[in-house]
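*Asks:* Assemble the whole structure, with the sequences as input and the hints as a guide.
Just so you know, the sequences run in chain order A and B. No gaps in the numbering here: position 88 of the first sequence is 87 in numbering that gives the first Met the number 0, and each next residue is one more. No gaps in the numbering here: position 48 of the second sequence is 47 in numbering that gives the first Met the number 0, and each next residue is one more.
What the hints contain is simulated information worked out from the structure, not anything from laboratory work. Hints are supplied without guarantee of correctness; some may be wrong.
No copy is singled out in the list; a pair is fine if it fits within one copy or between any two copies.
Unchecked claim - Below, simulated DSBU-like cross-link-like pairs (lysine-lysine); rule was C-alpha separation at most 35 Å, straight line:
id, residue 1, residue 2
1, 33, 110
2, 128, 110
3, 27, 110
4, 33, 141
5, 15, 199
6, 152, 61
7, 27, 164
8, 164, 44
9, 164, 182
10, 135, 164
11, 33, 164
12, 164, 61
13, 199, 135
14, 83, 141
15, 153, 50
16, 114, 71
Number of protein chains: 2
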Amino acid sequence: MVNVQRYFAKNKDNNKFILDTNDYHHIKNVMRMKDDDLIEVVYDKNLYLCKLNNYEVFIENKIEVEIKNNIKVNLIVPVLQEQKMDLILQKSTELGVDMITPVITERSIVKLDGKSKIKKLNRWNSICKEASEQSKRLDIPKINNIDKLKNIKKQDGLNIICSTKELNNNIRFFLQKHKTCDKINIVIGPEGGLTDEEEKYLNEIGFISVTLGSRILRVETVPLFLLSVIDYEFME
Amino acid sequence: MVNVQRYFAKNKDNNKFILDTNDYHHIKNVMRMKDDDLIEVVYDKNLYLCKLNNYEVFIENKIEVEIKNNIKVNLIVPVLQEQKMDLILQKSTELGVDMITPVITERSIVKLDGKSKIKKLNRWNSICKEASEQSKRLDIPKINNIDKLKNIKKQDGLNIICSTKELNNNIRFFLQKHKTCDKINIVIGPEGGLTDEEEKYLNEIGFISVTLGSRILRVETVPLFLLSVIDYEFME
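*Replies:* Right, dumping it as C-alpha cells:
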C-alpha cells in the first residue's frame with residue numbers, strides 16, 4: 000500500500016478542510032504534491048481521504064478506523080534542555096502518550112519566564128503534531144501549561160513516581176497488579192532526582208514510588224522505557 | 000552517595016591503570032580533577048576504586064559488584080544516517096544491549112566504502128564506551144563489523160525479525176513463551192522495511208517474524224522499544 004501523507008486539519012468548511020499554513024507549505028514545497036494527489040486528513044479524531052485541487056483539500060471519503068481503547072498515559076516530566084525535551088516529545092508521541100505535563104522541580108536547571116514558556120509550548124506542540132502525523136495517530140497529545148511540581152494534585156487513575164530510592168516495588172509487578180486501570184499518571188525526576196521532600200509530598204497525595212530496575216538511565220530515556228513497557232503490558 | 004566518575008581502562012600496570020588518551024583529557028580538562036580525587040575504573044569486567052596522583056590512576060581497592068545474569072541481546076540493525084545511529088547506540092547501551100551487528104539491507108540508503116566503515120566503527124565504539132561509563136556498566140557492547148544482511152547466519156538463542164507483515168504473533172506472547180532463553184538476536188528493518196526476499200531468507204534460516212503491535216514507530220525507536228520490553232519481561 001502506498002504511504003499517504005497525513006495532516007491534522009484546523010477546520011472544516013463544507014467539503015473542504017482548512018490546514019495550518021505550515022502544512023500547505025509542506026504539501027507544496029516539501030512534498031511537491033500536485034492536483035489530484037491524495038492525502039489523509041484527521042479532523043475531530045476522524046480520518047478522511049482527501050484530494051488536492053489548486054492546493055485546497057477536498058474530502059473524497061471518510062476512512063473507517065478501528066479505535067482501540069488504549070490505556071491513557073499522562074507523563075509528568077521536568078523541563079529539560081531543548082534537545083532532550085524534543086526527543087521526549089517526539090518519541091513519547093510515537094509511543095502513544097496522551098498528555099504531557101511539564102513541571103519545574105527543585106533541582107530543575109532550566110528556568111523560564113512567561114514569554115519563553117509560551118515559545119516553548121508552541122515549539123513542543125508543533126513537535127507533537129508532526130510526530131502524530133508521522134506515526135499516523137488520530138489525535139495529538141495534549142501538552143499542559145508548565146507548572147511547579149509542588150502544584151501537582153492527585154489525579155484519577157494510577158499515580159506513579161519513578162523513584163531512585165524505592166528498591167523493591169518494581170514497575171513490572173506493579174503494573175501487573177493493576178491490569179484493570181485505564182489511566183496512569185507518571186512523575187519522572189530531573190537530572191539529580193526529586194528531592195526527599197518532593198517525593199514525600201507526592202507520596203502523601205497518593206503517588207506510589209516504583210523502581211524501573213537496576214539500570215542507570217538518562218532522564219530522557221525514562222519516558223521511552225515507560226511508554227514501551229506500558230504498551231507491552233497492555234498489548235492484546 | 001557521591002556520584003563517582005567511571006572509566007574503562009585499556010591496561011593494567013601493577014597498581015596502576017592505563018586509560019585512553021581521551022579519558023586523561025576528560026579527567027584533567029573537563030572534570031578538572033586534582034590529586035587524591037577518586038574515580039571508578041572498570042578493567043576486565045571488574046570494578047575498582049582508584050585515586051589520582053599527577054594524573055596517574057592508582058588502585059585503591061576492588062569494589063565487589065553483584066553480577067546479574069541478564070539475557071543477552073544482539074541487535075541486528077541497518078546502518079542509518081548518523082544522528083539516528085548515534086541515538087540507537089547511546090540508548091541501546093543504556094538499556095543493556097550486549098552486541099550490535101550493523102547491516103546493509105536492500106533498501107539501505109547509506110552506502111559505505113572500506114575507509115568510511117572503519118571511521119564509522121571508531122565513532123560508534125566511542126559512543127558505546129561513553130554511554131557504558133555514564134550508565135555504570137561493567138562492559139561495553141561489542142559492535143560487529145558491518146556486513147550485508149544476506150550474510151547473516153542462524154545463531155544460538157531466540158532469533159526474531161521485527162516484521163511489518165506479521166500481524167498476529169506479537170512480541171509479548173512470543174517472549175512469554177520463551178522465558179527460559181538466554182540470548183536473543185533481533186533483526187530490525189530499515190526505513191521502507193525489509194524486502195519480501197530478505198524476510199523469507201531470514202525465516203528460512205530460523206528467524207521468526209513478530210509484530211510489535213499496531214503503533215507506527217520510526218526505525219530508531221524500535222531498538223529502544225525492544226530493549227525496554229525485554230528488560231521488563233525478564234525483570235526480577
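*Asks:* The structure should be examined with respect to each hint, and the outcome stated for every one.
*Replies:* Taking the hints in turn, this is what the structure says about them:
1. When the C-alpha separation of residue 33 and residue 110 is checked against a cutoff of 35 Å, the pair qualifies only between copies, where the shortest distance is 31 Å, while the shortest distance within a copy is 45 Å.
2. With identical chains, the CA atoms of residue 128 and residue 110 are at most 35 Å apart both within one copy (25 Å) and between copies (32 Å).
3. In this assembly of identical chains, residue 27 and residue 110 lie within 35 Å of each other by CA distance solely across copies; the values are 30 Å between and 38 Å within a copy.
4. In this assembly of identical chains, residue 33 and residue 141 lie within 35 Å of each other by CA distance solely inside one copy; the values are 32 Å within and 48 Å between copies.
5. Proximity of residue 15 to residue 199 under the C-alpha cut-off of 35 Å is found in neither arrangement, the shortest distances being 53 Å within a copy and 44 Å between copies.
6. Taking identical chains as interchangeable, the C-alpha atoms of residue 152 and residue 61 are never at most 35 Å apart, the minima being 40 Å within one chain and 46 Å between chains.
7. For the homomeric pair residue 27 and residue 164, the shortest alpha-carbon distance between copies (32 Å) is at most 35 Å, but the shortest distance inside one copy (52 Å) is not.
8. Proximity of residue 164 to residue 44 under the C-alpha cut-off of 35 Å is restricted to the inter-copy arrangement: shortest distance 26 Å between copies versus 40 Å within a copy.
9. Taking the closest pair of Cα atoms, residue 164 and residue 182 come within 35 Å of each other both inside a single copy (24 Å) and across two copies (31 Å).
10. Proximity of residue 135 to residue 164 under the C-alpha cut-off of 35 Å is restricted to the inter-copy arrangement: shortest distance 17 Å between copies versus 38 Å within a copy.
11. In this homomeric assembly, residue 33 and residue 164 come within 35 Å of each other (Cα to Cα) only across copies, at 31 Å, whereas the closest approach inside a single copy is 57 Å.
12. For a Cα distance limit of 35 Å, the shortest separation of residue 164 from residue 61 across copies, 25 Å, qualifies, whereas the shortest one inside one copy, 51 Å, does not.
13. In this assembly of identical chains, the alpha carbons of residue 199 and residue 135 lie at most 35 Å apart only when taken from different copies (27 Å versus 39 Å within one copy).
14. For the homomeric pair residue 83 and residue 141, the shortest alpha-carbon distances inside one copy (19 Å) and between copies (26 Å) are both at most 35 Å.
15. In the homo-oligomer, the alpha carbons of residue 153 and residue 50 never lie at most 35 Å apart, since the shortest distance is 46 Å inside one protomer and 47 Å across protomers.
16. Taking CA atoms no more than 35 Å apart as the test, residue 114 paired with residue 71 passes inside one copy only; the shortest distance there is 30 Å, against 48 Å between copies.
Hint compliance for this structure: hints 5, 6 and 15 are broken, all remaining hints hold.
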